[in-house]
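Asker: Residue strings, one per chain:
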Amino acid sequence: MFKRLDDTGATVSLKVDGKPIRARAGDTVAGAMLAAGVEHFRTTPVTESPRAPYCLMGVCFDCLVAIDGVGSRQACLIEVREGMAVETQLGKREAGR
Amino acid sequence: MNASDLASSYELVVIGGGPAGLAAAALAAKAGVQTVLFDENPGVGGQIYRGIGTTPVRNRAILGEDYWAGAALASEARASGATIVNGATVWSLDPNRLVGVSISGQARMIQAQRVIVATGSMERPFPIPGWTLPGVMTAGAAQTALKAQGLVPTGRTIIAGCGPLLWLLAAQLLRAGAGIEAILDTTPRINWLKAAMHLPDFALSPYWSKGLALLREVKAKVPVIAAHRIVAHGKDKLAEVVFATGTGERRMTADLLLLHHGVVPNVNLAMAAGVAHRWNGRQLCFEPAVDADFGTSVHGIAVAGDGAGIAGGTAAAERGRIAALAVIQTLKPGATVPNMQMMRQTLAREEMGRAFLDALYQPAPSFRRPVGDTIACRCEEVTAKQVRDTADLGCEGPNQMKAFLRCGMGPCQGRLCGLTITELIAEQRRSTPQEVGYYRLRPPVKPITLAELASLPKTEAERKAVER
Amino acid sequence: MPRTADVVVIGGGIHGCSTALHLALRGLKPVLIEKDYAGRHASGVNAGGVRQLARDHAEIPLSVSSMEIWERIEDLVGDDCGFESHGTVLVAESDEELAGFRARVDDLRLKGFTHEELIGRAELRRLVPAVSEHCPGGVVSRRDGAADPFRATQAFRRRAVEQGAEMIEGVTVTGLARNGNVWRVETSDGSIEAPKVVNAAGAWADRIAAMLGEPVPLTVVAPMLMVTSRLPAFIQPVVILRGRKLSFKQLGNGTVVIGGGHLATPYRDRNETVLDWEKLAISARTVWELFPVMRQATIVRAWAGIEAYMADGIPVVGPSATSEGVFHQFGFSTHGFQLGPGTGAVVAELVATESTNVPIADLAITRFKA
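Residue numbers (our numbering), protein chains in the order written: chain D, 196 to 292; chain V, 4 to 471; chain W, 2 to 371.
Within a straight-line C-alpha distance of at most 20 Å, the following computed EDC-like cross-link-like pairs (lysine to aspartate or glutamate) qualify: (1) Lys112(W) to Asp57(W); (2) Lys222(V) to Glu184(V); (3) Lys238(V) to Glu234(D); (4) Lys240(V) to Glu243(D); (5) Lys461(V) to Glu290(W); (6) Lys388(V) to Glu399(V); (7) Lys240(V) to Glu234(D); (8) Lys36(W) to Glu399(V); (9) Lys30(W) to Glu170(W); (10) Lys238(V) to Glu243(D); (11) Lys198(D) to Asp258(V); (12) Lys36(W) to Glu438(V).
If you are wondering where the hints come from, they were derived from the structure by calculation, not from laboratory data.
Next up, chain D with everything else stripped away, as it sits in the complex (with noise of 0.2 Å):
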């Protein structure tokens, strides 16, 4: 869907369920797998459809993830740390994980 205009510089590595990336320092985790090719970022909790980033500006929350472990956080307002793994999130996600 998307490709990076410029791709120099994509030196953080983190792992999207399980499988390795590369992103640029200051990416948004969303921004990073959109360049990754990512196609479906969760499942709905009410019909399990499967959903995107819509907005990539904090508004939608369909951009939302687990990530290192805390699921719901919004890919697209948080940066992409070194090791970072994110899984995208099926329905209901886990309570606690």
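With chain D held as given, fit chains V and W onto it using these hints.
Answerer: Relative to chain D, chains V and W alone:
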């Protein structure tokens, strides 16, 4: 900065680091007002100057000179002495100006003598069939991805809607080398008639020549098709866009559909603080009732920038300065400050072209008041038909609707359905949006984890109860 | 010419709506006056607990009779009101606390009430598997449950109208005067005459009582609640604590409602409340300790309804001591939702027949006479 590094009180808390917030914080701090600015994004700039100072987009022509003007605002704020905290989510503001904020999972309550809410705007909900499919985004989202991350769309991209930002985004994407299959222009033809009376003022505003140049730039490269119905199709992601034109239905395969119907004030925080709002019949949204200094119905809380009604980025900075000046005059009456009259004149000039843009780009009713199985509330997946049927059964307002259907009760807290629900109820009950009203918004205006809430420092009374 | 009715019911909470329904079922013509809309305040936004557990002896008869109605609620109002019965569990956090609970359960049994049952560690764990290890037991009331408060109040309202009651919403009562054999109820939209009046005005009921020369000390409060986003099902019964303030339940849709009586600041003239986040943080810490699985749950909303209680913690139900034909039904804060169905039936009986066999003498307004 960590939450524990914050003072327990500040003279001024500015919420939002876009043009209004940056300008307000800079002016207030320079005048000696103890100021903290909270912004939830990784860097300042808000949406219009998103990624200013950090953007990987080096070719200045891509984003345009209006974007780079944000750099001065940001550096002025940084040099002013204001404490600027990014990654800080304000989740509560009450009428006593107690501010609930979280930074890296740690929550604090901060007492403010004055608050300037500069939470800006968001894109108007664009409820068409299929708008929840992955691959359907707002135009603003694509712009944010470009500014902050240097991401450009690949594959077949269609832009749909109307409004100044739509043309700006199209131009920016083209300059960045992206291909755009088509622009589906939803501007209702009748709007040109309604807007005509405001044309003279618009012709004098700074937007006139810029706007025309953008239109020319985009139309030279992309087919622009007038469309009055748009449907996004696909199973697990967008595959095809079907739209109705004057000469019949057309379909185009697509990987990315970018929607835009203008921006509306992001009202959640101000409403939760008890600030009185009213319906703006021209911009078709709720906005806070503000005085000349952007003060609201709640003492000590001002709303500046687009959050006080849409007027654009340059006007937002001016509004931020005016709101800050009112704070300075109360808290530091002796301080040397710029001339208020000059600011008001600049602001008036910036706001001059607005009526034309509002009239021209007012989205058609069919794009604001969906029918049938089109989803109105994305979070709880409530359809337009459910809302209409429930209104017919006697449900008079959004709060009752919430209780019946759970619309507005998901994590976005009504941001993406509030206006739709109000307009649907008004239509169904032959009432007006002003009469129907908006969701009664409650803190936390952003979801917080139980752990974050539990991290609030214990009160004196609670500590004693434990020690007992 | 003022409008006329058999009874004017003031207040459109679950109590007023229930009383109006039961009056209509008795063939009377009630007019209900509500200043906002039915279920706008405490009745529509409370935690929805339908509980007989841990009630004051004086209101147990009303509670027991209400429970009979809740268990066949759909027959009465044509809507199941979201009522589900998975019991209420009062959790003891220490052996001392459990001993106190045992004494209460034994005392209730001597008085003939068997709905509360003492449970040990194993049964507590069976009923509430997610509860923290430190809790040694508790008390269960197995027929208790929870319902959707707004939906229930609306269901009573709707059925009352179907049975002939008239609802006037968005109208405020401004005065009450005796005019021969009838009461003349002045409102912001004209006056209504009726021989009987029911004061079910919740947090505003003291103002109605004052209009009758019968002032009562009523404390206006706004108990806070918060709710999480949808979580996988992990708990069935409603859980309450005694030592620390907590009530806790998971709804069918997966969201978890956390309450327990920490208070917001109410502004009843403006229909507003200001939440106290430091107190909500205490609730969060209590949940943190009691249900470790909840630690990363997301709070999406917090709120408080405006309600009122009497100094002795039990409601006022029964005839006015000063004004013939007037009946009171208020002071239910935090314990009134479950009581609504049965109390409405009793008050309607009082209005229609001037007597009831349900023992409510301890709830008389005369107990507040100076």
